[in-house]
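J.: Using the hints, position chain B against chain A.
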Amino acid sequence: MRGTGPASTVRGEPSESELVVRRFLGRVAFYVFIVIVGAFFALPMVWLVLAPFDAHPTLNAALPDFTLGNFGDVLKDPYALSSLGVSILLAVGTMLLVVVLAAPAAYALSRVRLPGRDLLLYLLLLFSSIVTGTAAMVPLFLLIFDLGLTDTHLGVVLVLAGGLVPAGIFILKDFVDSIPTSYEESARLFGASSFQILRDIVLPYARPGLAVIAVWVMVNVWGNFLIPFILLRTPSSQPAAVVIYNFYTEGGQADLRLISTFGLLYSIPVVVMYLFVNRRYGFRFYGGLKG
Amino acid sequence: MADVEIRGLTKVFPGGVRALDALDLHINDGEFFALLGPSGCGKTTLLRTIAGLEGATSGQILIGGRDVTGLPPGARDVGMVFQDYALYPHMTVADNITYPLKIRKVAKDERRRTAESVGGSLQIQALFDRRPGQLSGGQQQRVALARVIAYRPRVFLFDEPLSNLDARLRLEARTFLKQLQTELGITTIYVTHDQSEALAMADRMAVMEKGQIRQLDTPTACFRQSANLFVAGFIGSTPMNLLPARIVDGELDVAGCRLPIPEDVRAHVSRDEHLILGVRPEYMSLSRTEVPGALNGTVRILENLGVDTLVTVDVGDLRVQATAPDESVPTPGDHVWLTADPRHVLLYREDDGERVGAPRAAAGTSPGTPDVVNTPAR
Numbered sequence: 001m002r003g004t005g006p007a008s009t010v011r012g013e014p015s016e017s018e019l020v021v022r023r024f025l026g027r028v029a030f031y032v033f034i035v036i037v038g039a040f041f042a043l044p045m046v047w048l049v050l051a052p053f054d055a056h057p058t059l060n061a062a063l064p065d066f067t068l069g070n071f072g073d074v075l076k077d078p079y080a081l082s083s084l085g086v087s088i089l090l091a092v093g094t095m096l097l098v099v100v101l102a103a104p105a106a107y108a109l110s111r112v113r114l115p116g117r118d119l120l121l122y123l124l125l126l127f128s129s130i131v132t133g134t135a136a137m138v139p140l141f142l143l144i145f146d147l148g149l150t151d152t153h154l155g156v157v158l159v160l161a162g163g164l165v166p167a168g169i170f171i172l173k174d175f176v177d178s179i180p181t182s183y184e185e186s187a188r189l190f191g192a193s194s195f196q197i198l199r200d201i202v203l204p205y206a207r208p209g210l211a212v213i214a215v216w217v218m219v220n221v222w223g224n225f226l227i228p229f230i231l232l233r234t235p236s237s238q239p240a241a242v243v244i245y246n247f248y249t250e251g252g253q254a255d256l257r258l259i260s261t262f263g264l265l266y267s268i269p270v271v272v273m274y275l276f277v278n279r280r281y282g283f284r285f286y287g288g289l290k291g
Numbered sequence: 292m293a294d295v296e297i298r299g300l301t302k303v304f305p306g307g308v309r310a311l312d313a314l315d316l317h318i319n320d321g322e323f324f325a326l327l328g329p330s331g332c333g334k335t336t337l338l339r340t341i342a343g344l345e346g347a348t349s350g351q352i353l354i355g356g357r358d359v360t361g362l363p364p365g366a367r368d369v370g371m372v373f374q375d376y377a378l379y380p381h382m383t384v385a386d387n388i389t390y391p392l393k394i395r396k397v398a399k400d401e402r403r404r405t406a407e408s409v410g411g412s413l414q415i416q417a418l419f420d421r422r423p424g425q426l427s428g429g430q431q432q433r434v435a436l437a438r439v440i441a442y443r444p445r446v447f448l449f450d451e452p453l454s455n456l457d458a459r460l461r462l463e464a465r466t467f468l469k470q471l472q473t474e475l476g477i478t479t480i481y482v483t484h485d486q487s488e489a490l491a492m493a494d495r496m497a498v499m500e501k502g503q504i505r506q507l508d509t510p511t512a513c514f515r516q517s518a519n520l521f522v523a524g525f526i527g528s529t530p531m532n533l534l535p536a537r538i539v540d541g542e543l544d545v546a547g548c549r550l551p552i553p554e555d556v557r558a559h560v561s562r563d564e565h566l567i568l569g570v571r572p573e574y575m576s577l578s579r580t581e582v583p584g585a586l587n588g589t590v591r592i593l594e595n596l597g598v599d600t601l602v603t604v605d606v607g608d609l610r611v612q613a614t615a616p617d618e619s620v621p622t623p624g625d626h627v628w629l630t631a632d633p634r635h636v637l638l639y640r641e642d643d644g645e646r647v648g649a650p651r652a653a654a655g656t657s658p659g660t661p662d663v664v665n666t667p668a669r
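Residue numbers (our numbering), protein chains in the order written: chain A, 1 to 291; chain B, 292 to 669.
Hints are supplied without guarantee of correctness; some may be wrong.
Quick list of in silico lysine to any residue cross-link-like pairs, SDA-like style, CA-CA up to 20 Å [what the hints assert, rightly or not]:
hint, chain 1, residue 1, chain 2, residue 2
1, B, Lys-469, B, Glu-322
2, B, Lys-393, A, Leu-198
3, B, Lys-396, A, Ser-193
4, B, Lys-393, A, Pro-204
5, B, Lys-399, A, Gly-191
Just so you know, the hints here were simulated from the structure itself, not pulled from any lab data.
Same shape as in the complex, but just chain A (with noise of 0.2 Å):
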């Protein structure tokens, strides 16, 4: 097109300074479709942000009239603090879970060839997600209480662990599959056992497989209010999710002071921990996880 010149504005098609314009303003609306649909997304974001920093907060995000009264209002709540130490006790303690369990069964289950075994994994995912799920509460509740273990921590661990190792496997397997057996067979020429092959060439391979799980199980029990709200009862043994819900007035009404403060120190641990994964490992989504 450049090269025509005016030959071209004689045809009727437009001339090159046209053309600039065009792509010009093509630009510009795309630009601002973009930031129309970014704003979409980010607002929450920033409401999130700034809230907390506002002495009367409403649904708007506005700059704030500022304060930082409501973070002593929220910590004057005898369970938020507590509630943000036992969310991490319950992540930390279901991710080492899950990761013990499902780490040496997706080895064995990528290693070992067994009949139906890639039934065995799609039927327990399956299955799994029943476990997590609404469903499956009145009997899950039933046996942690038979086994004596409503209102302690190990009830609700133990019950997303169970949920949650499925997947786990099932994304590991993936990590451990793309793992050459040349590698373990030839440290076995070697003359290592086992556990040194684990330790010293499946481990460090699978090491960001193993980043991946960890951080999706943590994020996973973080958010998780329904199990928690029904094995604890204590409520000093809450985690943070099911406290935030101290922060509705008795009418229902959202407090959002106390709500978008407690909101705030309750999503910082996870931007930490994927900020900390994210340097450490650069979350290589592989396998069967591509996104």
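T.: Showing chain B alone in chain A's frame:
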């Protein structure tokens, strides 16, 4: 150092595939031994069974006189170089090389010293702090060699170690590997599907097909006196000419031409017997003037092989190939006469494809036992 003895080794995979079929094999101490065959012939299975990565269904494996059949891979004192080199991607080159020593609980200083000396002799010391992912294919191969040398096994097992290199590098690596093996003098079993590699490097080789050894001999013998049609067809960079022949009046009738019967097989053939005559293109000479008793036909195709040219000639319904040196290359359409070097003419039986007059490898007859001529008259 050790020899390797294989007695009646059979490997049947679950599902019924018989990868190794009652193999007997003896590999001498310090020998460079090649296992050659097409994919699926069982050569890699044999190597992996010697290594202990696959269990034997029946039979015995002895390394240096010690029965290792039931031992785990780590207790057999064998070192293997894998096709993909199996370098650990999360370890540096130095750590990769010293890993076998670490398993053996060798002290750190000693490990470092071994790595330096082995790395020095393979000229890879400059790479010690890199990771395998940052190395070229040729460098990775050297690191894999260094690692297995540092382990100091009694037997080297190589599973197609050159197949991941490009053609040019493969030739260099071949020379290097051969030299290394000669210097170290460690018994080496080398698996390859590339006949030129086996011919170039091996002291002796076994050509395998369907879990059985079809010929066990030196590369020269396998090339010049291929024991059967399978070996004849598999070995050689240009395919061997295989022409139907018949014994008529004490002579060989090939496409209407009469050739004398080679002396060494004269006693093993009968009148009117149908045979297959094999002669490699390298042993055919080509003439543009008439030669009495020679095959003659029209030149169809020329293929440049570098030094020589491969000439394809239509002789009646048959296609015969011969190599011609640069100065005497005909042009397509020329009428030419082809003579086979009588010292390199091989005759194969039509029924089982075995060479006439050859000791039967499968039957285990000793060399020189004359075959009974019992082919029924047709």
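J.: Please go over all the hints and tell whether each is borne out by the structure.
T.: Taking the hints in turn, this is what the structure says about them:
no., hint, in the structure
1, B/Lys-469 / B/Glu-322, "11 Å, holds"
2, B/Lys-393 / A/Leu-198, "15 Å, holds"
3, B/Lys-396 / A/Ser-193, "13 Å, holds"
4, B/Lys-393 / A/Pro-204, "17 Å, holds"
5, B/Lys-399 / A/Gly-191, "18 Å, holds"
Of the numbered hints given earlier, the model fails none.
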